[in-house]
Amino acid sequence: MQELDTAGLGSIRVTRKNDHTVVIEKDLATEQMVLAMGPQHPSTHGVLKLECLTDGEVITQAEPFLGYLHRCFEKCCENVDYPAIVPYTDRLDYLAGMNSEFAYALTVEKLLDIEIPRRVEFIRVIVAELNRIASHLVAIGTYGIDLGAFTPFLFCFRDREIILGLLEWASGARMLYNYIWIGGLAYDVPSDFLKRVGEFVTYFRPKAVELCNLLTKNEIFVKRTMGIGIMPAEVAINYGWSGPMLRGSGVKWDLRRNDPYSVYPELDFNVPVPDGKLSVVGDCLSRHLVRAFEMEESLKIIEQCISKMPATEGFNPRSAIPKRIRPKAGEVYGRAENPRGELGFYILSDGKSTKPLRCKARSSCFVNLSAMKDLSKGQLLPDLVAIIGSIDIVLGEVDR
Amino acid sequence: MEEGKVFSQSVQQSAAAYAIIHEKFGAAVSAFDANETMPFFEVLDARLWRDIALFMRDHAKLKFNYMACITGMDYQAEEKLGIVCNLESLSLFNHKLAVKVKCDRDGGFIPSVACVWHTANWHEREAYDMFGMLFTGHPDFRRILCPDDWEGFPLRKDYKVQESYHGIKVPY
Chain A
1 MQELDTAGLG SIRVTRKNDH TVVIEKDLAT EQMVLAMGPQ HPSTHGVLKL ECLTDGEVIT
61 QAEPFLGYLH RCFEKCCENV DYPAIVPYTD RLDYLAGMNS EFAYALTVEK LLDIEIPRRV
121 EFIRVIVAEL NRIASHLVAI GTYGIDLGAF TPFLFCFRDR EIILGLLEWA SGARMLYNYI
181 WIGGLAYDVP SDFLKRVGEF VTYFRPKAVE LCNLLTKNEI FVKRTMGIGI MPAEVAINYG
241 WSGPMLRGSG VKWDLRRNDP YSVYPELDFN VPVPDGKLSV VGDCLSRHLV RAFEMEESLK
301 IIEQCISKMP ATEGFNPRSA IPKRIRPKAG EVYGRAENPR GELGFYILSD GKSTKPLRCK
361 ARSSCFVNLS AMKDLSKGQL LPDLVAIIGS IDIVLGEVDR
Chain B
1 MEEGKVFSQS VQQSAAAYAI IHEKFGAAVS AFDANETMPF FEVLDARLWR DIALFMRDHA
61 KLKFNYMACI TGMDYQAEEK LGIVCNLESL SLFNHKLAVK VKCDRDGGFI PSVACVWHTA
121 NWHEREAYDM FGMLFTGHPD FRRILCPDDW EGFPLRKDYK VQESYHGIKV PY
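Read top to bottom, the protein sequences are chains A and B.
So for the first sequence, my numbering puts the first residue at 1; every next one is plus one.
So for the second sequence, my numbering puts the first residue at 1; every next one is plus one.
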């Protein structure tokens, strides 16, 4: 008896023999294959390497390898003055520079214990929320691309361009702003800025709905994301998830509400969490929906800020900036809600130096990504792309 | 806490949480440092850190279920390394508390709390990567940001960068 041919599929092997018998063998221990995904891979959104152990199409283990974009943020901080760290914070989460600056400025101000003019607070919130929308637009657009939908990406970048234009008008830069300084702002906003922002809000509101429908009412998109990569709420908390990731798991936790800073307590906005009607709570689609719905809330915040902001003639946004920034001895952990979650800074000051003794950035992406190993276990290889996309990592913030 | 001084509500909440921990562990934890920016206490007996962590997570009145951050530290004056952990109770209580754990500068070790909070897993790896303290009982203990064969621990105050790495000149 001679074997003619054999074919294998996962744990099943079929052998055809020359006496017309077919032998089907099940539960064979097949060899697992190591598949390296990245560091150069379009769906890893930067230089992230995932080493996947695969059994056929099923992932048994996916281990992230980081550090390709490590730029020694914390070491740099020990060698420069407090205000000089602001441009470095831009380069953490380069898609949401304003938010990173905001978090850093808040932290140092907490240590300095200084009062910030109200107008500055409102301008900060406006630019931070604009940047949040811009960041979510990139997240949603590239997520579509990951799953094969190209059109939403173009819509997203068209509208993001308007935001970047506005921020450039205010700060002079498109992405790396150096605009929110400790104790104030680099410049006051241009005279027509608020009017233009108001026009953008009116323009963008229907576009946001259109964009949301474009993806969430697309059957292919829903099938690729619904029920994939489910993270239960308790595990998400234990993993230290924050931001849209945590809210996607159904935990109503937003630092703007739960640990309020700046003028957020005065503003009226909702914290969207999935209710399980459109998606399975905790899956990739939930995380996407949270981002899509959050844009509307940001628009609401911006509108309220425009109407509440005090107009001051000849306002000097640098009036509250101390001449020399030298905080008293002590330590502080300050944080803010970034588009990707909680960005925290731990700063230790010895009271003598104008440089921090230690400045640590707690990055939201770093923490969110650490759950990758558990999240991808037992998933199909194509779904891995859906999961990474839904985490919405920015490697600049992961590696710092 | 000093008598007669007025503390904000958040510091009072932290102090109440600390009192429960102090009652259980007594001399193993230091006095409560009631500063407004980051109230903390220190674990004096580092070997008990994991027990304290579990107690803090599971006690019905504490429920510190969320670990925000672990910061590696180099306390050069004291000849020690250490970590600062920022803990809080997410959506259950409002208290926040920071915990400091220190260990010897050379070959010192701290019990890993990666089994208590998953967040600690990567943060402890990062602290080791930058400062070189060991975490005992860590499930996956290796460097995370620097390459495996990098020499020294970059964030130590006495760090000297290596001359060359695989034939590439390092200091520029």
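Don't take each hint at face value.
Going by beta-carbon spacing under 7 Å, a handful of chain B positions derived as facing chain A [as the list claims (entries may be wrong)]:
| # | residue |
| --- | --- |
| 1 | CYS69 |
| 2 | LEU92 |
| 3 | THR119 |
| 4 | LEU134 |
| 5 | THR136 |
| 6 | HIS138 |
| 7 | PRO139 |
In silico BS3-like pairs for lysine-lysine, Cα to Cα no more than 25 Å straight-line [to be verified]:
| # | chain 1 | residue 1 | chain 2 | residue 2 |
| --- | --- | --- | --- | --- |
| 8 | B | LYS157 | A | LYS75 |
| 9 | B | LYS160 | A | LYS252 |
| 10 | B | LYS63 | A | LYS355 |
| 11 | B | LYS63 | A | LYS75 |
| 12 | B | LYS80 | A | LYS328 |
| 13 | B | LYS61 | A | LYS352 |
| 14 | A | LYS355 | B | LYS169 |
| 15 | B | LYS160 | B | LYS80 |
| 16 | B | LYS61 | A | LYS75 |
| 17 | B | LYS80 | A | LYS355 |
| 18 | B | LYS100 | A | LYS75 |
| 19 | A | LYS328 | B | LYS169 |
| 20 | B | LYS160 | A | LYS75 |
| 21 | A | LYS355 | B | LYS61 |
| 22 | A | LYS352 | B | LYS63 |
| 23 | B | LYS61 | A | LYS328 |
| 24 | B | LYS61 | A | LYS110 |
| 25 | B | LYS169 | A | LYS252 |
Reference listing, derived: stretches of chain B covered by chain A, where coverage requires no fewer than 3 residues with Cβ under 8 Å from a Cβ of chain A [as the list claims (entries may be wrong)]:
| # | segment |
| --- | --- |
| 26 | 84 to 90 |
| 27 | 99 to 110 |
Calculated directly from the structure, the hints in this document are not laboratory data.
Each residue gets a CB set at the ideal place from its N, CA and C atoms; glycine is no exception.
Hints, verified against the model:
| no. | hint | result |
| --- | --- | --- |
| 1 | CYS69 | holds (4 Å) |
| 2 | LEU92 | violated (10 Å) |
| 3 | THR119 | holds (3 Å) |
| 4 | LEU134 | violated (20 Å) |
| 5 | THR136 | violated (20 Å) |
| 6 | HIS138 | violated (13 Å) |
| 7 | PRO139 | violated (10 Å) |
| 8 | B:LYS157 - A:LYS75 | holds (10 Å) |
| 9 | B:LYS160 - A:LYS252 | violated (46 Å) |
| 10 | B:LYS63 - A:LYS355 | violated (36 Å) |
| 11 | B:LYS63 - A:LYS75 | violated (34 Å) |
| 12 | B:LYS80 - A:LYS328 | holds (23 Å) |
| 13 | B:LYS61 - A:LYS352 | violated (40 Å) |
| 14 | A:LYS355 - B:LYS169 | violated (28 Å) |
| 15 | B:LYS160 - B:LYS80 | holds (18 Å) |
| 16 | B:LYS61 - A:LYS75 | violated (39 Å) |
| 17 | B:LYS80 - A:LYS355 | holds (21 Å) |
| 18 | B:LYS100 - A:LYS75 | holds (21 Å) |
| 19 | A:LYS328 - B:LYS169 | violated (40 Å) |
| 20 | B:LYS160 - A:LYS75 | holds (12 Å) |
| 21 | A:LYS355 - B:LYS61 | violated (39 Å) |
| 22 | A:LYS352 - B:LYS63 | violated (38 Å) |
| 23 | B:LYS61 - A:LYS328 | violated (34 Å) |
| 24 | B:LYS61 - A:LYS110 | violated (28 Å) |
| 25 | B:LYS169 - A:LYS252 | violated (50 Å) |
| 26 | 84 to 90 | holds (count 3) |
| 27 | 99 to 110 | violated (count 0) |
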